[in-house]
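Whole structure, please, built from the sequences with the hints as guidance.
The residues making up each chain are set out below.
There are 2 protein chains.
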Amino acid sequence: MLKFELIHQSTRSGARVGRIHTPHGVIDTPNFVAVGTNGTVKSLDSRSLKDIGLQLMFCNTYHLMLQPGTEVVKKAGGLHKFIQRDMPIITDSGGFQVFSLAYGSVADELKSRGTKKSDGSVLKITEDGVWFRSYRDGSKLLLTPETSIDAQKDLGADIIIPFDELPPYHIDDDALAESLERTHRWEERSLNHHLKNPNGQAMYAVVHGGVKEDFRKKSADTLSKLPFDGFAIGGSLGKTKEQLYHLLSYTTCRLDEAKPRHLLGIGDLESIERSIPYGIDTFDSSYPTRAARHGVLFSDQGHTKISKGCYKEHFAPPIEGCPCPTCAHFSAAFLHHLFKANELSAYTLATQHNLYYMVHLMERYRSAIKNNEV
Amino acid sequence: MLKFELIHQSTRSGARVGRIHTPHGVIDTPNFVAVGTNGTVKSLDSRSLKDIGLQLMFCNTYHLMLQPGTEVVKKAGGLHKFIQRDMPIITDSGGFQVFSLAYGSVADELKSRGTKKSDGSVLKITEDGVWFRSYRDGSKLLLTPETSIDAQKDLGADIIIPFDELPPYHIDDDALAESLERTHRWEERSLNHHLKNPNGQAMYAVVHGGVKEDFRKKSADTLSKLPFDGFAIGGSLGKTKEQLYHLLSYTTCRLDEAKPRHLLGIGDLESIERSIPYGIDTFDSSYPTRAARHGVLFSDQGHTKISKGCYKEHFAPPIEGCPCPTCAHFSAAFLHHLFKANELSAYTLATQHNLYYMVHLMERYRSAIKNNEV
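Sequences listed follow chains A and B, in order.
Just so we're aligned: the first sequence equals residues 6 to 379 in my numbering.
Just so we're aligned: the second sequence equals residues 6 to 379 in my numbering.
Treat the hints with care, since some could be wrong.
If you want the footprint, here are the derived chain A segments under chain B, 3+ residues with CB under 8 angstroms [said to hold, decoys possible]: (1) 66–73; (2) 86–93; (3) 331–337; (4) 349–355.
Here are the computed lysine to any residue pairs in the SDA-like style, where the Cα-Cα straight-line distance is at most 20 angstroms [claimed, not checked]: (5) A:LYS317 to B:ALA81; (6) A:LYS313 to B:VAL77; (7) B:LYS345 to A:ASN65.
Examples of chain A residues toward chain B, derived with CB under 7 angstroms [what the hints assert, rightly or not]: (8) ASN43; (9) THR45; (10) SER48; (11) ASP50; (12) VAL77; (13) ALA81; (14) GLU318; (15) ALA346.
The hints are simulated quantities; they were obtained by calculation from the structure and are not laboratory data.
Cβ coordinates follow ideal geometry from the N, Cα and C atoms, glycine included.
As structure tokens, then:
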């Protein structure tokens, strides 16, 4: 079972250093969680991933349900064994994908002025759950709190997420209130279903409420009464970063400090820096790995777009002074060349760099918090 | 400089075990040479490649001329330094790509009944060299024996190839005779240009003559009189495998046994098995790596197409008993899943397996030859 050890609370902010103990080892917090949607971080093999020292990997139940099917993973002996990972894994409920494929992102919504609600794959939302159409074969599928948890039991991740509804950003208060109540009922059903057979897994509640302070507080208070092992901040996190930080300012302080707090789907460097002082412990995002595949390398001095012409004859490391396996061995010019030549190894080398950067950035945040500098 | 050490000559056939010493280490022969067109074996980083123990890598001058440009590689300190490889490299002259882009493969020719000669990128062949159009930006470029060798000097591979003409398979005897004479003149010019500044590099002659016995013999005899360091069997190697084996039967025996012999562009398992008894020392081919990216895994029992439905729940290794890093760690079901989910790591894992298989297959051939079993 999960155990959260609070090691240091900053005297300067809500930032804290902790250690999450799971059946597959420790996660030092604050930490970054790489996304491995299909059970693999894109373009990395598990050995490279292990060398980088990434402690927690985020896999998507929705994708694994459709391919290879969670029953296949179960037969393999669970996700850790199937993908040969001996470190912690977290899975989501599948709800996020189902709803975000239907509603699109906030940016999508803004482009279509908030009217795009009907052309997604969600067919019907009932008290029981959500009917949706598979993006793979068009088949009609029902996802409920119970089926989501069953799927996550098949996968066997160390940390699992209850089934929730992701309402669109543009929603009126009545509809959001209704969605929030339903989400709370779904989360409680998920928890009850999970607790029939905990099997060493931990479940984080997902705090909803969009960008409405009273709704967020209500969600935090409601879910705090239930025996969840930790909290994830989910739902619509606003259309601007300031909305996110504001939302965190009144949400995390209501959560039991003895339990870990995860921020769902946020992993850009600025948001991490600004969210840590509110006591966020873990962040998952596909941004560092996706950026890498577009040739964008992270560093303390900002982002480097390695395919830019100025790197053609730059024979120094891609990021000067970086000790990652990519920068330690290869020049910016070589990485530039691999991107220009569309070589697959370009993605591997860039992904190694960005993940290494994230892992060590979080390590530095932990030191800084211990010194009460954050 | 290159030194070839003949270790054992089979008492049963022309097969032999040797060792090619180069400035970047040893190549045990017979051996397989992986293709890393743009300076990287597709989908592998250099560390994985090193672990596999691949002793010789084949890079394509034509591609490197166009991207990043051989002058960039020269400024980087040569190809070994640019790609961070400390083991031997061979480069070709660029001629093969220029001509094969123009004429297509034998298969292409057969489809268009041998008439497809004009819609390629070759603009004009003169005594000086060949004018062609860059596939990257449409610019007009001239490749001559001297410019090809200059480019290969910039790259600095351990073994280089003289500039030659690749005539189409369908060609009348007069045209082939004319092409053969020109190729011999071009090869001699290449050699002379190379010898002005050998710089530790070795040059293999390319024996031409298509599938005509008298032409092949003439080519072998003509080139044998020149101080090349080894031989490559090139040009049209026939449209059937039997034509290839027949061609080898009368060609290799005319070549100085004290020099290494390379078979250009042939690397399927059957051709390797059948060519070794004619005393071929090295084989380059993109087939094992390309097959891997299509999910085809090599084994002694034949090819395994891992995306086939029967592997969905096959939790044993992809190839039972294979000690490669892929088969030692992952199941067939996981690799099947990665291919189905279009994950880039699928290509990496499959490529690791096939290259490992090739390296160890060649090791077994060397043992068998030493025991006079081949």
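Now for the hints, and whether the structure bears them out:
Counting residues of the region 66–73 of chain A whose beta carbon lies closer than 8 angstroms to any beta carbon of chain B gives 3, which meets the minimum of three for the stated coverage. Residues of the region 86–93 of chain A with a Cβ under 8 angstroms from some Cβ of chain B number 3, which satisfies the need for three, so the listed coverage holds. Counting residues of the region 331–337 of chain A whose C-beta lies closer than 8 angstroms to any C-beta of chain B gives 3; at least three are required, and the coverage claim holds. With a threshold of 8 angstroms between beta carbons, the proposed coverage of the region 349–355 of chain A by chain B holds, since 5 of its residues qualify and at least three are required.
At roughly 10 angstroms between alpha-carbon atoms, A:LYS317 and B:ALA81 fall within 20 angstroms of each other, so this suggested pair holds. Taking the CA atoms of A:LYS313 and B:VAL77, the gap is near 15 angstroms; set against the 20 angstroms cutoff, the hint holds. Taken as a hint, the B:LYS345 and A:ASN65 pair is honoured in the structure, with Cα atoms around 16 angstroms apart against an allowance of 20 angstroms. Checking A:ASN43 against chain B: minimum C-beta separation of about 4 angstroms stays under 7 angstroms; hint holds.
Interface restraint check: A:THR45 against chain B, minimum CB-CB distance 5 angstroms, threshold 7 angstroms, status holds. The beta carbon of A:SER48 is positioned within 7 angstroms of a beta carbon in chain B (closest approach about 4 angstroms), and the interface hint is therefore held. At a threshold of 7 angstroms, the smallest CB-CB gap from A:ASP50 to chain B is about 5 angstroms, leaving the interface hint in force. The interface hint given for A:VAL77 is met, as the beta carbon of that residue sits about 6 angstroms from the closest beta carbon of chain B, less than 7 angstroms.
With 7 angstroms as the threshold, the beta carbon of A:ALA81 comes within range of chain B, its nearest partner Cβ sitting at about 5 angstroms, so the hint holds. The closest approach between the C-beta of A:GLU318 and any C-beta of chain B is roughly 6 angstroms, which is under the 7 angstroms cut-off, so the hint is satisfied. Using the Cβ-Cβ criterion of 7 angstroms, the hint placing A:ALA346 at the interface with chain B is satisfied: the shortest such distance is roughly 4 angstroms.
When held up to the earlier numbered hints, the structure conflicts with none and fits them all.
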